[in-house]
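With these hints in hand, go ahead and build the complete structure from the sequences.
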Amino acid sequence: MSPDSEYITSTLEEYFERRAELLRDIDYKIVRKAWFTLSHLLLNESGTIADMGCDDGIMTFCMAALAPNIRFVGIDKSKRQINKAKELYEDKVHNLEFINADISTPFAKEGTYDAVINSYILHEVFSASRYSEKIVKDTLNNHFKMLKDGGTLFIRDFARPPPEEYVLLEMPDISSNADTLSEMSETDLLLWFSEHARPRQDAGCGGFFLEELPPRFPRTRLFRLPYKWAYEFLMRKDDREKWDKQLPLEYTFFTEREFRKELRGLGARVQYSAPYWDEDLIEDRFEGSFRMYNNEGKPLGYPPTSYIAVALKMKERQSLLIGERRPSRTEDSSIRITAMRNENNGEITDVISRDFTPSEILPYHVNDEGRLKVYLHDGIPRGVANTVPRNGENIDGKRWSGHMTEALSVDSKIIAEMTPNDIKDTVKFARDFIGLKPRNNALLVHGPDYYPAPDYIDERIKTYFLDVERSAKPVKPKNMVNKTERFNAKGEVREFDAQQVLNAIAVGLLPNARLELQILSLFEHLNIKPESWTHKDINVQTQKINKRAETKGLLEKIHEKDSRFKEVKGTTGQLRTVHSIFVEEGQSHGSTTGLSSDNMDFVVSDEKTINTAVVIPLTKGLKDDLHAGILVDYLPVPQRHEGNGLTMHAPSFNIPPEITNLKQMKRFIADKFSLKPENVIKLGESYFSHIGLTQHRIYPFAVAAPPQAFGPSKTEFIPFHQYRLLWSSLSKDTHFMVVLARAYQMLSNDIKNDYKMRVKEIVQERFSGKVADWSIPMTYAPPPGKNADAKVKTLEIDKTATALNKEKLEAATKKADLESHNQGNRENMPKQDSKAPAAQPAKHDERIANPTLASKTMKKLTGGHTPFHQKTMEQKKEDETKSLSDNTPPQAQQETVEQATAPKLETDTQLSDDFKEMDEIARVVEKTHPLDLHDPKPEKW
74 MSPDSEYITS TLEEYFERRA ELLRDIDYKI VRKAWFTLSH LLLNESGTIA DMGCDDGIMT
134 FCMAALAPNI RFVGIDKSKR QINKAKELYE DKVHNLEFIN ADISTPFAKE GTYDAVINSY
194 ILHEVFSASR YSEKIVKDTL NNHFKMLKDG GTLFIRDFAR PPPEEYVLLE MPDISSNADT
254 LSEMSETDLL LWFSEHARPR QDAGCGGFFL EELPPRFPRT RLFRLPYKWA YEFLMRKDDR
314 EKWDKQLPLE YTFFTEREFR KELRGLGARV QYSAPYWDED LIEDRFEGSF RMYNNEGKPL
374 GYPPTSYIAV ALKMKERQSL LIGERRPSRT EDSSIRITAM RNENNGEITD VISRDFTPSE
434 ILPYHVNDEG RLKVYLHDGI PRGVANTVPR NGENIDGKRW SGHMTEALSV DSKIIAEMTP
494 NDIKDTVKFA RDFIGLKPRN NALLVHGPDY YPAPDYIDER IKTYFLDVER SAKPVKPKNM
554 VNKTERFNAK GEVREFDAQQ VLNAIAVGLL PNARLELQIL SLFEHLNIKP ESWTHKDINV
614 QTQKINKRAE TKGLLEKIHE KDSRFKEVKG TTGQLRTVHS IFVEEGQSHG STTGLSSDNM
674 DFVVSDEKTI NTAVVIPLTK GLKDDLHAGI LVDYLPVPQR HEGNGLTMHA PSFNIPPEIT
734 NLKQMKRFIA DKFSLKPENV IKLGESYFSH IGLTQHRIYP FAVAAPPQAF GPSKTEFIPF
794 HQYRLLWSSL SKDTHFMVVL ARAYQMLSND IKNDYKMRVK EIVQERFSGK VADWSIPMTY
854 APPPGKNADA KVKTLEIDKT ATALNKEKLE AATKKADLES HNQGNRENMP KQDSKAPAAQ
914 PAKHDERIAN PTLASKTMKK LTGGHTPFHQ KTMEQKKEDE TKSLSDNTPP QAQQETVEQA
974 TAPKLETDTQ LSDDFKEMDE IARVVEKTHP LDLHDPKPEK W
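The sequence shown begins at 74 in our numbering and counts up one residue at a time.
It should be emphasised that the hints constitute simulated quantities derived from the structure, not laboratory data.
None of these values were measured; they are calculated from a predicted model.
Note that CB positions come from ideal geometry on N, CA and C, so glycine has one too.
Hints are not guaranteed to be accurate.
Claimed, not checked - Computed list of lysine-lysine pairs in DSSO-like fashion (alpha-carbon distance at most 30 Å, straight line):
(1) Lys446 - Lys501
(2) Lys446 - Lys510
(3) Lys563 - Lys551
As the list claims (entries may be wrong) - Label pairs and their calculated CB-CB ranges:
(4) Phe180 - Ser661: 24 to 34 Å
(5) Glu86 - Pro288: 52 to 62 Å
(6) Lys315 - Glu565: 37 to 47 Å
(7) Ser661 - Lys221: 19 to 29 Å
(8) Arg330 - Ile103: 25 to 35 Å
(9) Asn367 - Ser786: 34 to 44 Å
Have a look at this one:
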């Protein structure tokens, strides 16, 4: 590790330690709520954020601890709560202040704040004003005026279900234990609530309509009531301790559409809005508690647990919304459709292409605090996000303004014309195309390549990284590819904290999974540890894996020449191009008006919906090692660019139009694998496969089950650790890489305990200087919170187990290493030299240990610093607490931990066999070459 890397690591570790110390006694739920809120605010450093209705200040304090370079101001009208907040938190951090004020009034000057947060507070304003929508509108107007130009208004609250709609609520028929609210059954509580809701109304005017219908099934009760009040009840039924305090509150007042309308009326760009489903809350409070149907008896999904809106304050006649308006009369189209025939099986598929292929540039620098900063094109027009609905529902309800944040895009021909490793060429390129200056004679570095859709989009998007000097101010984009000249919105190139971008992708604000992979690869390349706030434990019965993929054979096949796909005349009709006029709207003199319009092309399928689920199967072998399932196919686009279309990918399923919610989607996926919905795991938020060409959305999932549960499918399994080591060699499918990367983060506790990771530490040296190190991070910084102590114990256990096994492991692998090397020498040496001097192995060892290899040596992967989710870890924490009680002597505590959690030791023979397998794979990979600046030109069709 270089001195710079050591400084970066120590600096970040100090930040993580300081953060963990500040938040160690605070419930992880509150810390995560603070993180979730901040993840929607992509702000520059040194900004000021107002947290409206901060109550006792605990969440405001959490945000201040998580973002020490931003100033936070907590505001609440309760003097008692503000005094409490000041006493508890103001002296603990340097960037926190509390103010006593009524948030519904204009208490601050216009243009004071960079962001205003309204987290679960607007419904309190609504209820305190005797349920006045006007007061809420006035409050939003006041908050909007307090924002600086370009500032962000964040809203998290409850959205009213469609008005005047009724639903059927089916609940278990359980008797109450007593007449008190805390002891009532949920059905009796619903009856009570229907008579006492809205107590601030005049006497006798509260409550809502509720009728009981004959039950459909034994031991259930069925009620008919307004959708609004069903939602109000479901969101509060489990908070019995706060019931009396919450009873006067009415949670819902605006529908999602009304929220957007009010914000746009203020002149805001509603950058993002969406219903949000908290999976843990659903698991705890919804599952098994009720079923809900519409008035005709059709099952409904679980209602959202909150609503999110992110709005930007824009000036007069600036771009607020870009969307499809009407079909264009012109016939010009930049998209071509070509039919490709697989000569081996006769199948024909349509492939789309454009006159150019974009490459993406990610300029970056690492600041003095060790934080990775990247420069992105912010606000680039992407009207395809708002096309007219054609085929398929917007299942998760996400909406964007049509302004996206992406890596900088240039035509690949520009880079192809550059001289490799030429400093002057790099400086000229940076000046003319990105407006930034390379740092210390840095060169453009070729990172990973991505196929957005290797089955039908003829694009191989190459990624390039460039270390640049910091630019304090945003710069105008220069010579970007695929830009729209007529729109007012051009966007700007500005600095982002790389971790904040990953967080924004994790919460769904940025629907760009390719950018997620690019940034993760950069973290790994620079040896900087990213953070992860997602974790799940999976409990899968271990069984023998009969359908294990032969990795060595796949690697050999992938480098063979294969040209089975040939162009044929005509098209199959699977895809069609749409040429439409898109309109850019803004505000002028207090009303919304069209600012500009432009013709845009995109692709649709009349046979499939816009929604596809990509699902990675997960299972465990007899050694308790995690495996991920793959399918192997030949696809046309990789063949054109690499001469071989062999592609590993995850199973994917186009979602039929009758699937309209996430609950139905999970059941649909479970049925595909003959599993239960509980086996289906959501892997983060949905994203666009290629927002420049199609409205196609990807929903990432995993299914976890024993190997035999996957039946006679074509799915084959590969150990998880091999995926990371062979990242650039095995997969050409971006969606597969996304689900794999997200599974690494979410399931890293299962992966880090796999002893084969430690085998890989030794084998990885085979790859140094042979392939580029564009993989994904293995370890992630854990989130802070009340579980921090348990997390430290987990890490210590892993370190202890590693130390216990280290000598045995190294002995086995060293023996296998020597045998493999000697075998390789025997194969490569002429017969007359078979009795070579014994010094040859030592020379080989010296070469491997040489730190001056052309390609950066991949860092060793030790025990994973991984987060764990409070709900899924409650039992584990309980068990650890019992076994590590204060009454146990320190030495006894350590022995107990080691005995309880150390992984099973494998025999020397088993370890040696595992090493030999990895060594054979390494030999195949050594035949490949590092990524160069220029690749061979793709074949012509």
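How the hints compare with the structure:
no.: 1; hint: Lys446 - Lys501; result: holds, 22 Å
no.: 2; hint: Lys446 - Lys510; result: holds, 15 Å
no.: 3; hint: Lys563 - Lys551; result: holds, 10 Å
no.: 4; hint: Phe180 - Ser661: 24 to 34 Å; result: holds, 30 Å
no.: 5; hint: Glu86 - Pro288: 52 to 62 Å; result: holds, 59 Å
no.: 6; hint: Lys315 - Glu565: 37 to 47 Å; result: holds, 45 Å
no.: 7; hint: Ser661 - Lys221: 19 to 29 Å; result: holds, 21 Å
no.: 8; hint: Arg330 - Ile103: 25 to 35 Å; result: holds, 31 Å
no.: 9; hint: Asn367 - Ser786: 34 to 44 Å; result: holds, 35 Å
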